[in-house]
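**Q** Residues per chain are reported as follows:
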Amino acid sequence: MERKLSEILEALLLTASRPISIDDIVRVFEDPKPSKDEIRKALNQIDQDCLTRGIELKKIASGYRLQVKQSLSQYIAKLWEEKPQKFSKATLETLSLIAYKQPITRGEIEAIRGVAVGTQLIRGLMERGWVKIVGQRDVPGRPSLYSTTKEFLDYFGLQHLRELPELPSLPDLTSIEHELPIDEPDESISSSKSLN
Amino acid sequence: MERKLSEILEALLLTASRPISIDDIVRVFEDPKPSKDEIRKALNQIDQDCLTRGIELKKIASGYRLQVKQSLSQYIAKLWEEKPQKFSKATLETLSLIAYKQPITRGEIEAIRGVAVGTQLIRGLMERGWVKIVGQRDVPGRPSLYSTTKEFLDYFGLQHLRELPELPSLPDLTSIEHELPIDEPDESISSSKSLN
Amino acid sequence: MVDTKALNPQKKEEKRAHPRQEELFLATVKGKETSLPDDLYVPPNALEILLDSFAGPLDFLLYLIKKQNLDILDINVAKITEQYTSYIELMDAMQVELAGDYLVMAAYLAELKSRMLLPRPEEQTEEEDPRAELIKRLQEYQRYKEAAERIDKIPRIDREIFAANAKLPEFTTQAPLIDVPLEDLTIALAEVLRRAEQSHAHLINFEELSTRERMTQILERMRTESFIEFTSLFKPKEGKIGVVVTFLAILELLKDSLIEIVQSEEFGPIHIKGIEEVH
Numbered sequence: 000m001e002r003k004l005s006e007i008l009e010a011l012l013l014t015a016s017r018p019i020s021i022d023d024i025v026r027v028f029e030d031p032k033p034s035k036d037e038i039r040k041a042l043n044q045i046d047q048d049c050l051t052r053g054i055e056l057k058k059i060a061s062g063y064r065l066q067v068k069q070s071l072s073q074y075i076a077k078l079w080e081e082k083p084q085k086f087s088k089a090t091l092e093t094l095s096l097i098a099y100k101q102p103i104t105r106g107e108i109e110a111i112r113g114v115a116v117g118t119q120l121i122r123g124l125m126e127r128g129w130v131k132i133v134g135q136r137d138v139p140g141r142p143s144l145y146s147t148t149k150e151f152l153d154y155f156g157l158q159h160l161r162e163l164p165e166l167p168s169l170p171d172l173t174s175i176e177h178e179l180p181i182d183e184p185d186e187s188i189s190s191s192k193s194l195n
Numbered sequence: 000m001e002r003k004l005s006e007i008l009e010a011l012l013l014t015a016s017r018p019i020s021i022d023d024i025v026r027v028f029e030d031p032k033p034s035k036d037e038i039r040k041a042l043n044q045i046d047q048d049c050l051t052r053g054i055e056l057k058k059i060a061s062g063y064r065l066q067v068k069q070s071l072s073q074y075i076a077k078l079w080e081e082k083p084q085k086f087s088k089a090t091l092e093t094l095s096l097i098a099y100k101q102p103i104t105r106g107e108i109e110a111i112r113g114v115a116v117g118t119q120l121i122r123g124l125m126e127r128g129w130v131k132i133v134g135q136r137d138v139p140g141r142p143s144l145y146s147t148t149k150e151f152l153d154y155f156g157l158q159h160l161r162e163l164p165e166l167p168s169l170p171d172l173t174s175i176e177h178e179l180p181i182d183e184p185d186e187s188i189s190s191s192k193s194l195n
Numbered sequence: 000m001v002d003t004k005a006l007n008p009q010k011k012e013e014k015r016a017h018p019r020q021e022e023l024f025l026a027t028v029k030g031k032e033t034s035l036p037d038d039l040y041v042p043p044n045a046l047e048i049l050l051d052s053f054a055g056p057l058d059f060l061l062y063l064i065k066k067q068n069l070d071i072l073d074i075n076v077a078k079i080t081e082q083y084t085s086y087i088e089l090m091d092a093m094q095v096e097l098a099g100d101y102l103v104m105a106a107y108l109a110e111l112k113s114r115m116l117l118p119r120p121e122e123q124t125e126e127e128d129p130r131a132e133l134i135k136r137l138q139e140y141q142r143y144k145e146a147a148e149r150i151d152k153i154p155r156i157d158r159e160i161f162a163a164n165a166k167l168p169e170f171t172t173q174a175p176l177i178d179v180p181l182e183d184l185t186i187a188l189a190e191v192l193r194r195a196e197q198s199h200a201h202l203i204n205f206e207e208l209s210t211r212e213r214m215t216q217i218l219e220r221m222r223t224e225s226f227i228e229f230t231s232l233f234k235p236k237e238g239k240i241g242v243v244v245t246f247l248a249i250l251e252l253l254k255d256s257l258i259e260i261v262q263s264e265e266f267g268p269i270h271i272k273g274i275e276e277v278h
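Residue numbers (numbering that gives the first Met the number 0), protein chains in the order written: chain A, 0 to 195; chain B, 0 to 195; chain C, 0 to 278.
With the rest of the complex left out, here is chain A:
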């Protein structure tokens, strides 16, 4: 059982995208739930096992997390340099939706984009430090709410979100009816100009 519990805990720690607390862990189990002491013991076990592994157990304010040992960071850096990941269209669209519509859940992003958003995609944005979880929406499933970070603003040389380029205005539904030549100014624009 001891062994089994630590296996479950390791699985939980390695799939949560945030630190997890002992309360989080308790909630995962049906009755009979393990006691907090048993959980702590199992966590200790993991901590011990990690001595010969590439990862270590860290306790921080909001719970526990498994992270790669700092001493191995050079290899990780190499792997990241090796493939300077190009941002896919999916990533860019997701990032822009988070930027302009924050705080937003993954489900909401999917609803607008019309296609699913992979877990790894969001993880990638979080690992890059551009996106973070700022809370949970109070609906069934308590989905995480994502926002952009200060690093995101820094990267684009912005001080505030409102400095983001203004959104191209959505096409007026009524004007979609008739096709307009591309290289000629839109009538509605020229008429509004005359007002200035």
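Errors might be hidden in some of the hints.
To be verified - Taking lysine-lysine and the DSS-like style, the derived pairs with C-alpha atoms no more than 27 Å apart in a straight line are:
#1 A:LYS3 <-> A:LYS32
#2 B:LYS100 <-> C:LYS144
#3 C:LYS272 <-> A:LYS100
#4 C:LYS152 <-> B:LYS131
#5 A:LYS149 <-> C:LYS166
#6 A:LYS40 <-> B:LYS68
#7 C:LYS144 <-> B:LYS82
#8 A:LYS3 <-> B:LYS77
#9 B:LYS77 <-> C:LYS152
#10 A:LYS77 <-> A:LYS149
#11 A:LYS57 <-> A:LYS149
#12 A:LYS77 <-> B:LYS57
#13 A:LYS149 <-> C:LYS234
#14 B:LYS131 <-> B:LYS58
#15 C:LYS152 <-> B:LYS88
#16 B:LYS82 <-> A:LYS32
#17 B:LYS68 <-> B:LYS85
#18 B:LYS57 <-> A:LYS3
#19 C:LYS166 <-> A:LYS58
#20 A:LYS77 <-> B:LYS32
#21 B:LYS85 <-> C:LYS144
#22 B:LYS77 <-> C:LYS166
#23 A:LYS149 <-> A:LYS58
#24 C:LYS152 <-> B:LYS82
#25 B:LYS58 <-> C:LYS152
#26 A:LYS57 <-> C:LYS166
#27 A:LYS77 <-> B:LYS149
#28 B:LYS57 <-> B:LYS77
#29 C:LYS152 <-> B:LYS57
#30 B:LYS88 <-> A:LYS88
#31 C:LYS272 <-> C:LYS254
#32 A:LYS68 <-> A:LYS149
#33 B:LYS40 <-> C:LYS166
#34 A:LYS100 <-> B:LYS82
No lab work stands behind these hints: they were computed from the structure.
Position chains B and C relative to chain A; hints supplied.
**A** Chains B and C alone, transformed into the frame defined by chain A:
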């Protein structure tokens, strides 16, 4: 050194956010680089260690991945806040046609499904990286030919296309000719069963 | 009048437990009660058809026509179409896919019947019996439909397979990770909105960004403080606009049930706090 190498590999596997290949691993090291054999040995070591852990090493199309043992996935699902994405029948059928009949054009997919395949649907599959254009069929209009990708196999935990479930065989066409009683088992089915 | 009914969705669960359909589905063919054949898959929420010569799921009707146990010419296709329409009304958005399947089936039947009714032109005498053509197409489709169901059962990422990830250590890289120009971001968003526009045909309104930013700031502050005095959220130096933006952000958060506004006594200080996590 052996021990150390497996630690590094574990760290790489747990931070890459994608499956990693032996070539990826080799590139991470400065000279003297470990040999591919040494890397394979270290991967075996990890695989062995995983027996008493919550995760397992899986070889899939584009490399290796550490993933939660499937016997533990029920616990993860509890902690997981997002509901797993369900695919529409249209998506699954299109995907299976591309998987089994690749390379295939959109027109060919539509001919079999009997309904139009939305641009949005194919675009969604391409964006997920599961489907790609591999060429054009040399007929009028030069329609694009679609195939599945390694990522598609990765997603389903497969190494090769041949690991896909077997395609159901076509029922014998000639046997349909004669009238069959409604409430008795269909002969053609029982005869095709004996083929399996 | 609605004489279609969706089969009880919980049959799906039963089906999982007992792969064979047993006596779950019944149909009446030419006044004779008939159990469905084992090799026919009838989805949960199947469209049930009620005709003079047939009562049961459309899947079964098609099966009978395929096997020539029923003559297409005896089938009132108009009635099927009518029942299909009321079926769609019954189905919620989740089942639209299934409804689409039945549209295909109904269309096949209509096409088939019309071809059987029309006198065949002389020059097409060697043309195949339209039923054979229908059967071939249905069979080919059936194969891939089943293949799709099998693929759906393969363990997959985020459902049965969970990739293991550990937190990254601190590190610096020589090479720039990626290079994304700011315009790309806006272009990407414009693109996604344009598509959303096309597919949903409704406007998605984007609130003022500054309100969004303020919402994020308040949420962030609540991660550490969890209980914030209302007035402390307002910065006088931001002026009137700042006050309005902050107020709008609070209202948005309230609307989204992300915060609560509490006051311990009448005329006492107002506080905002996060919604308690329900355990």
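**Q** If a hint holds in the structure, say so; if it does not, say that too.
**A** Do the hints match the structure? See the list:
1. Proposed proximity of A:LYS3 and A:LYS32 is supported: the alpha carbons are some 13 Å apart, at most 27 Å.
2. For the hint linking B:LYS100 to C:LYS144, the alpha-carbon distance of about 13 Å falls within 27 Å, and the restraint holds.
3. At most 27 Å may separate the alpha-carbon atoms for a hinted pair to count; C:LYS272 and A:LYS100 meet this at roughly 22 Å.
4. Distance check on the hinted pair: C:LYS152 and B:LYS131 sit about 23 Å apart at the alpha-carbon level, within 27 Å; holds.
5. Distance restraint check for A:LYS149 and C:LYS166: the Cα-Cα separation of roughly 20 Å lies within the 27 Å cut-off, and the hinted pair is therefore satisfied.
6. Annotation: proposed proximity of A:LYS40 to B:LYS68 holds, straight-line Cα distance about 21 Å (limit 27 Å).
7. Restraint check: the Cα-Cα separation between C:LYS144 and B:LYS82 comes to about 24 Å, which is no more than 27 Å; the hinted pair holds.
8. Under the criterion of a C-alpha separation no larger than 27 Å, the hint pairing A:LYS3 with B:LYS77 is consistent with the structure, at around 17 Å.
9. A threshold of 27 Å between alpha carbons decides the hint, and for B:LYS77 with C:LYS152 the separation of about 20 Å falls inside it, so the pair holds.
10. The hinted pair formed by A:LYS77 and A:LYS149 meets the criterion: a straight-line CA distance of about 25 Å does not exceed 27 Å.
11. Of the pairs offered as hints, the one joining A:LYS57 and A:LYS149 holds, with about 25 Å between alpha carbons and a cut-off of 27 Å not exceeded.
12. A C-alpha spacing of about 23 Å is found between A:LYS77 and B:LYS57, which places the hinted pair at or below 27 Å, so the restraint holds.
13. With a C-alpha separation of about 20 Å, the suggested pair A:LYS149 and C:LYS234 falls inside the 27 Å cut-off, and the hint holds.
14. About 22 Å separates the Cα atoms of B:LYS131 and B:LYS58, which keeps this hinted pair within 27 Å; it holds.
15. For the suggested pair C:LYS152 and B:LYS88, the alpha carbons sit about 13 Å apart, so the restraint of at most 27 Å is met.
16. Restraint check for B:LYS82 and A:LYS32: satisfied, since their Cα atoms lie roughly 23 Å apart, inside the 27 Å limit.
17. Proposed proximity of B:LYS68 and B:LYS85 is supported: the alpha carbons are some 22 Å apart, at most 27 Å.
18. Our distance criterion of 27 Å between C-alpha atoms is met by B:LYS57 and A:LYS3, whose separation comes to about 20 Å.
19. Restraint check for C:LYS166 and A:LYS58: satisfied, since their Cα atoms lie roughly 13 Å apart, inside the 27 Å limit.
20. Our distance criterion of 27 Å between C-alpha atoms is met by A:LYS77 and B:LYS32, whose separation comes to about 13 Å.
21. Of the supplied pair hints, the one linking B:LYS85 and C:LYS144 holds, its CA atoms being roughly 16 Å apart against a limit of 27 Å.
22. Taking the CA atoms of B:LYS77 and C:LYS166, the gap is about 21 Å. The hint holds against a cut of 27 Å.
23. Restraint check: the Cα-Cα separation between A:LYS149 and A:LYS58 comes to about 25 Å, which is no more than 27 Å; the hinted pair holds.
24. This hinted pair checks out: C:LYS152 and B:LYS82 have alpha carbons roughly 16 Å apart, not beyond 27 Å.
25. Distance hint between B:LYS58 and C:LYS152 is fulfilled; the C-alpha atoms sit about 20 Å from each other, no more than 27 Å.
26. At roughly 10 Å between alpha-carbon atoms, A:LYS57 and C:LYS166 fall within 27 Å of each other, so this suggested pair holds.
27. Distance hint between A:LYS77 and B:LYS149 is fulfilled; the C-alpha atoms sit about 24 Å from each other, no more than 27 Å.
28. Note on B:LYS57 and B:LYS77: the hinted pairing holds, with a Cα-Cα distance of about 23 Å set against a maximum of 27 Å.
29. This hinted pair checks out: C:LYS152 and B:LYS57 have alpha carbons roughly 19 Å apart, not beyond 27 Å.
30. For the proposed pair B:LYS88 and A:LYS88, the alpha carbon gap of about 25 Å is at most 27 Å, so the pair holds.
31. This hinted pair checks out: C:LYS272 and C:LYS254 have alpha carbons roughly 14 Å apart, not beyond 27 Å.
32. For the given pair, A:LYS68 sits about 26 Å from A:LYS149 by alpha-carbon distance, which is consistent with the 27 Å threshold.
33. Proximity of B:LYS40 to C:LYS166 is assessed by CA-CA distance (about 25 Å); at most 27 Å being required, the pair is judged to hold.
34. Pair hint A:LYS100 plus B:LYS82 holds up; C-alpha atoms about 22 Å apart against a cutoff of 27 Å.
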